[in-house]
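4 protein chains.
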Amino acid sequence: MAEQPPINSSSGQNFWHMEYMEAGLIQGSRIARVIFDGQSAFQSAQIIDTEPFGRTLVLDGKVQSSEADEWVYHEALVQPAMMAHAAPRRVFIAGGGEGATAREVLRHKDVTECVMVDLDEEVVQLCKEHMPNHHQGAFNDPRLTLLFSDAVAYLRENSELFDILIIDVPDPLEGGPAYLLYTQEFYALAMTRLAPGGIIVTQAGPCGPTNVTEVFSAINTTMSLVLGDTSPYRVYIPSFGTMWGFIAAGLPESPSVEGLMVSQVDERAATRLNTPLKYYDGVAHQGMLGLPKYLRAALDAELRVITNAAPLYAI
Amino acid sequence: MAEQPPINSSSGQNFWHMEYMEAGLIQGSRIARVIFDGQSAFQSAQIIDTEPFGRTLVLDGKVQSSEADEWVYHEALVQPAMMAHAAPRRVFIAGGGEGATAREVLRHKDVTECVMVDLDEEVVQLCKEHMPNHHQGAFNDPRLTLLFSDAVAYLRENSELFDILIIDVPDPLEGGPAYLLYTQEFYALAMTRLAPGGIIVTQAGPCGPTNVTEVFSAINTTMSLVLGDTSPYRVYIPSFGTMWGFIAAGLPESPSVEGLMVSQVDERAATRLNTPLKYYDGVAHQGMLGLPKYLRAALDAELRVITNAAPLYAI
Amino acid sequence: MAEQPPINSSSGQNFWHMEYMEAGLIQGSRIARVIFDGQSAFQSAQIIDTEPFGRTLVLDGKVQSSEADEWVYHEALVQPAMMAHAAPRRVFIAGGGEGATAREVLRHKDVTECVMVDLDEEVVQLCKEHMPNHHQGAFNDPRLTLLFSDAVAYLRENSELFDILIIDVPDPLEGGPAYLLYTQEFYALAMTRLAPGGIIVTQAGPCGPTNVTEVFSAINTTMSLVLGDTSPYRVYIPSFGTMWGFIAAGLPESPSVEGLMVSQVDERAATRLNTPLKYYDGVAHQGMLGLPKYLRAALDAELRVITNAAPLYAI
Amino acid sequence: MAEQPPINSSSGQNFWHMEYMEAGLIQGSRIARVIFDGQSAFQSAQIIDTEPFGRTLVLDGKVQSSEADEWVYHEALVQPAMMAHAAPRRVFIAGGGEGATAREVLRHKDVTECVMVDLDEEVVQLCKEHMPNHHQGAFNDPRLTLLFSDAVAYLRENSELFDILIIDVPDPLEGGPAYLLYTQEFYALAMTRLAPGGIIVTQAGPCGPTNVTEVFSAINTTMSLVLGDTSPYRVYIPSFGTMWGFIAAGLPESPSVEGLMVSQVDERAATRLNTPLKYYDGVAHQGMLGLPKYLRAALDAELRVITNAAPLYAI
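Protein chains in written order, with this note's numbering: chain A, 1 to 315; chain B, 1 to 315; chain C, 1 to 315; chain D, 1 to 315.
If you are wondering where the hints come from, they were derived from the structure by calculation, not from laboratory data.
Any given hint could turn out to be false.
A pair holds if it fits inside one copy or across any two, identical chains being indistinguishable in the list.
To be verified - Below, a list of computed lysine-lysine pairs in the DSSO-like style, where the Cα atoms sit at most 30 Å apart:
(1) K109 to K293
(2) K278 to K293
(3) K128 to K293
(4) K109 to K278
(5) K128 to K278
Please read these numbers as outputs of a predicted model, since none were measured by experiment.
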């Protein structure tokens, strides 16, 4: 049998980030260097270099994104909706602290404004300073408007319309204010902020065989109750230790992410982007949208609707 | 922050299966019950019930398959090649100890013979006794011929031809005899044992963003050197903690797995199978074959060829 | 920096026994072999070979005793009281499942009867079968009377007197019936079962700088309330991951363990025992009784009294 | 069974310090806060707050001392030799980075000079800044001379004599320069730097039942070859996960640590110290010196002598 690697890191210490993925399942990543360990006004925050995943943001004990695979997550979150839209100009991001969601939006030459509303200024400053490979300068793009505030309140109080709304906040399970961005009420509000042809896309939690009903299926049912047809899809994120789901939907007349053809994706990528992607193109699109039977069955069977009064605190 | 589950299991003990997925990355599964812990003539073998994954076979310290996701692995290994073939009758399995690969083959009503050659009789007996949900009676199907022997030697010494050859043995990295089922020489031998229109498919190791070049890309390069066009594809296996790859290829005139259409898969599944699948159908097929850019780039860039003289002991 | 050992065991599997020693402190022992994993009528029970500690009994997730250091525990539990007594003939053991406490008693040539009352017959049978290096044949000694019953009930219902009473049951914290062997009421009962000159000794939980007040100090206060002067002492047990305490006390006219002199211990050991000890002699006795300042201060400061109505469920 | 504590800390992150105590034995401490993580010119250095042990210094992956038990270590290292000496005035410390060894020396009112020579200025500065509960102002005592240099070279190049020499450096196993403070040659040099009646004391590694022969017994044999009678003794240090040994010796006419009586220790403590101790007094002295049989047997059986040419790299 092959020799196994030692417990302590190449940098000499023995720190591990140990995270429960579900009951009885731990993923442990050896820490090469702790860059920051503290508390913001809203959450516990760490920036670490881990051996398997490089520079990593951890909030409230959970990996948010890592250098090794953040491009998978952020391209998957942003690009399908952007490519499906006829001509996205104005984009709204709820959350998105690392700046990588904005980076993906701003790859699109024709985007004129990207409004990013994140609750936690301290975490955004940490990312700005310590995670340059994540934001890659997006914070300096003049098309970005960065606000530190509650995204729901912002949308409620501002009547401007957007071509794309991107929801990049933690899962609805965790008790914090994030669950209010996954409710029937929220999708009804968001719908009124979509410009004609507009699309909303949300990160939607894990969707592997053992955890698809944790939140993914309920978010899908909730969205489709408000918005009609949805386009659920997923990618694999190693640092999350699971498949990760996303769901897009739009106004009745909006183009659908599910309906995008391989050639369309590739043509639009060729003309719209100022820098190349690493994960997403037409073939990858097919892979992301081609859901296995068990997953489609779980979506079909899901009856739970998330409301402001009845969030998904646990399963 | 949500309360986390405790370290010890519901059954009261505190045992964990701790497995290095790569350097600095551990997946730990809480053990609910140890069913068997011993050594066969060839390897260390355990059968355990883990909390996240149910009944699980572990060989030489690595999870081989678990109740929670073995159906993902085994459908992915077997069904694409079986569906791509015009009319598979005779099937060969190298390895396949749990009996679940045979189970998938024998779902096909028109299969007349399935020859399974596994090295380790003791492990097969353990699976037969303790993993009924894996084999589901496949060992009792009269169409199965089960031999305990070296699969390479069997193919070398028997000139019978097969419609489908399925390679279900450990990765080529691990020093044991398994690497001889991933070499240029092996594929040349296997080719001579394919009946006209025949297809060979192999499990091909991890293929996530952080480990696609471990063995997957080299197996693909090696296969295509011998067999021409290959169909690489992948699924996510939670208990392996990563995306898992498979590669199919055939004789020059054989149908290709990559070329299978959604409707073909669904029509053939409807007519050929005696029991329904849980993971695989036409849409899932598209998902499995739709490889992301980085993965196709890794395949394109790979130059390593695995030979009997130069196996892939390490990367 | 020195190379670190690998995560998986020499026997090829990757199982670890992970035990919380206190909040935020885990001791993990690599398992070389699982001998037994099951449930008795009373508790979860495992017998494992661990790499650091050899053959080990685990009950309800906690190491009870291991080959590597059980002799430290069992000599420390038994020999000081036996040596302090003028001429011990009749000995009572509450608990003592592994048979090693009886072994220590039966080393004394002049012992005529040892009554051992353990609740859990299944666990005793497991130890008899799988832990021969623990009991070393003690179960076959004709002087041993082994009963499967409740030790408190036995003492209540039988009026026979003993020279030595040995309490070898789990800590009073854990909710089970064991806490009833640490209460004021129990010590009052036990006192009536001591023959003139008799001594009672109990295992008394951890007593290191971080955990001395968990149960040790409260047991000492409770015993001294009933029995007057106590002799608290301790040894280090690696597999328990901490210093471990014991407390002896007697009738007003009984000899005290604390008062034993080096030369007395060595003379009595030389004449009374049929086999040599590994840990205990006169010098070791001084080491065990010579408590550090902080520990004596903790004992002096302790006011908690354990009663049947108010056990020590938590600190 | 009692509920177990969660994996993540009260401060919200999930970092653990995981340290191999020996092959197959891990001690894991949950980290509440990372204060510093970096590299000095000589070693990897961390300062962390752990839940079980408070503020902790970690060097090259190993806990050096923690708030919860450093007083046990430092009193044990310093006080027995200081109390055994007739009237210690001038004291030399090799190592001692945290300042706690100096603190113990400077408790003695009659000490006129304490020369501390530590190799690693960066680590000492870290301790000065972040570990005030360790040094308690010792760095500001005018009697302290603090030098950043090689202690062996210092002793070789300076002919001044000391009443007490204290060796507070890492174990001789680890390849670094520290092993040169445990050799026959070093003890011969040190002997020439002892004033009449002088005593040398060294930390001497783990000495529990499973690890007493790792380095402790060999250091004892080496010291006694040069210095004659030695006084080996030990205490339990929870954050080291084991019993820890120390060895004192002196010139032929020097008083012996082993020969100190209970009353002497208490009388000298009462008159010599300016602040009270927490661990050490006359009774504790007896406990520390009262070695168990197995440990004395291990010392008697040890034949290895550590020399500059043959350090103890491994056992």
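(request) Taking the numbered hints from earlier one at a time, note which ones the structure violates and give those numbers from smallest to largest. (result) none
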